[in-house]
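Place chain B on chain A using the hints.
Those protein sequences? They're chains A and B, same order as listed.
First residue of the first sequence: 0, per numbering that gives the first Met the number 0; consecutive thereafter.
First residue of the second sequence: 0, per numbering that gives the first Met the number 0; consecutive thereafter.
Calculated from the structure, these hints are not laboratory results.
A hint or two may mislead.
As the list claims (entries may be wrong) - For lysine-lysine, the following DSBU-like pairs were computed, each having C-alpha atoms within a straight-line distance of at most 35 angstroms:
#1 B:Lys594 x A:Lys70
#2 A:Lys9 x B:Lys571
#3 A:Lys17 x B:Lys574
#4 B:Lys501 x A:Lys70
#5 A:Lys2 x B:Lys500
#6 B:Lys364 x B:Lys337
#7 A:Lys70 x B:Lys346
#8 A:Lys17 x B:Lys571
#9 A:Lys77 x B:Lys500
#10 B:Lys501 x A:Lys77
#11 A:Lys9 x B:Lys500
#12 A:Lys69 x B:Lys500
#13 B:Lys594 x A:Lys9
#14 B:Lys369 x B:Lys346
#15 A:Lys2 x B:Lys594
#16 A:Lys2 x B:Lys574
#17 B:Lys571 x B:Lys113
#18 A:Lys69 x B:Lys346
#19 A:Lys77 x B:Lys337
#20 B:Lys371 x B:Lys350
#21 B:Lys341 x B:Lys371
#22 B:Lys113 x A:Lys2
#23 B:Lys571 x A:Lys2
#24 A:Lys17 x B:Lys500
#25 A:Lys17 x B:Lys369
#26 A:Lys17 x B:Lys341
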Amino acid sequence: MDKSGEAYWKATLGLLTKILVVWFLVSFGAGILFADMLNGIHLGGYPLGFWFAQQGSIYIFVALIFIYAKKMGEIDRKFDVHEE
Amino acid sequence: MDLQTTIYLVVGASFALYIGIALWARAGSTSEFYVAGGGVGPRVNGMATAADWMSAASFISMAGLISNMGYGGGLFLMGWTGGYVLLALLLAPYLRKFGKFTVPQFIGDRFYSKSASTVAVVCLLTASLTYVIGQMTGVGVAFSRFLGVSSETGIYVGMGIVFVYAVLGGMKGITYTQVAQYVVLIFAYTVPAIFISLHLTGNPIPQLGLGGDLVGTDMSLLQKLDSIVVDLGFGEYTTTTAGSTLNMFVYTLSLMIGTAGLPHVIMRFFTVPTVAAARSSAGWALVFIAILYTTAPAVGAMAKLNLHSTVNTAVVSGGDLYAVESSIKADERPDWMKRWEKTGLLKFEDKNGDGRIQYYNDKTKNDEAKAKAEAAGWKGNELTVNPDIIVLANPEIALLPNWVIALVAAGGLAAALSTAAGLLLAISSAISHDLVKGVFNPNISEKGELMAGKIAMAVSIFVAGYLGLNPPGFAAGTVALAFGIAASSLFPAIMMGIFSKKMNKEGAIAGMLAGLSITLFYVFAHKGIFFIKGTEYLDLIGGPNPFFGITPEAFGAVGALFNFIVAFVVDKFTKEPPEHIQHLVESVRTPRGSKAVDGAH
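Same shape as in the complex, but just chain A:
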């Protein structure tokens, strides 16, 4: 892989890491490991840990994929590897 190819892949992996950290924190973190602690806080009638496990993590997953798709598009264009 040439120089710019390597830089492109590095940028891609950087983005993936950031997204996966959030993915992990909302589901395994807030939804499971820290759920008990967060249940002390309420979001309307929802205890917060319960909300992350049954609602919040799903909404954030959706947002994460669209953010990923958008940022990847930017990286593609920056390194001039986009389609068309």
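Same frame as chain A, but now just chain B:
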């Protein structure tokens, strides 16, 4: 119009729609048959993926499981949606760039080995076949409950419908029927939920209603539910976990990895025109899935509250749950309970002979609840409710009009049929493309392969139908197995193929076999060798759940980890993959130059 006629009309109309689409979307080439010509837009593909993904289990069983498990049920919600993040980031765009028809073809080409692709075909066939059995039995159940025909007749009708649009249209026919099926199933799921949420909380949006206050009180719905179930000796709804925290963690991870590794889901991303479309399409798929998945917890919790208030009048009045007159009289129980008693999914037994129904947890560890039940003269729980009826009986419990009940019947069938069709396509393309063309007859013509694909599809439908009619004793455990296989064999192999340039064929094959064997070993120890009763060997591994208390359903992630470790160790001691494979990986990683998906080997 009576209920039965309404159901026939609604279900009949939905079937006519699917067949109409099938006739319009006939496949004329292998590209149309395998990948719908590669021209499906990201939103349409997302919707089809959602229908493909949401099976009879998501539609019928999930809310009931959540209702039973409470907070711990969140593992299904997070597991079955979080997998799409992995799919979008780690697999879908790269496999789309690779640009071939099937998953085993990627594994075979990337690891320059016919053996690797054959191992992948075996994994794919096992995972998809076990999964499709569940769908076929689901079709049978939905038919027999709602149309008053036998489960056998139901499966024959289901086979006939799938046959028409899957054999005629292949992926093209399946994609456009799945879009229609998504619309049917999402209406069927959300309409009753909206009615019930409005009734209980005054908020028509179930996702908000679940976090709202009960109508006419300043107590939140979840607080009320918690206090009632705890008073009756059950675990607190909003905090009860599934086993240990570690088990819930690993179980969630296994479902996520398994979701991302299921071939019938991955295949859907071969139908979009570009790499960028594959990325956003995964997002759209999750949007359409999330509409149902965020409604499910509301359905589960509200059904639980409704059920308790049906049998115990003190739930609504706020009086003493253990007072004699709080439990309803058995001969005054509502009609829907009597209807479901006939199916055996709901049972009432008057253990203390007082003519009233007591519904509580008689095995509770809560001393206060135990003492109250004894003082009230309760002699054991008298009502058993199969979780599967929560969604199906929900409209009846809430006394909704007939057309809503008919809609739920059509929705359950749409969910089962759309998933079955997607699985059947994965099975038949593995046979016609990876085995017939890839191994036995590489020179087969385009026309010949299309014919082979259609024959493989027809045969798969008959095999699936046969297995649905004569479910092997293991039917219940099989979906867990499908996820275990996808997680422990396919996902790691594909991921290493993309993210490691140096991973060679020896490492990949050893990893797949190792991950698969250890997962099967652990599952079979609990459930019997190939699920044959009496062949469990728990003593050999030291009792149930010996590995840190992890249940066999949750073991896929451990299998995946084992796969990765074995693959990297073997890779270290064997020679690097050839130069052209490393170039292949580089090209898969960059979007430019993506072309229409084709089948060339």
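To test your reading of the hints: which numbers does this structure violate? Going through the list in order, the structure violates hints 7, 18, 19, 25 and 26 and respects the others.
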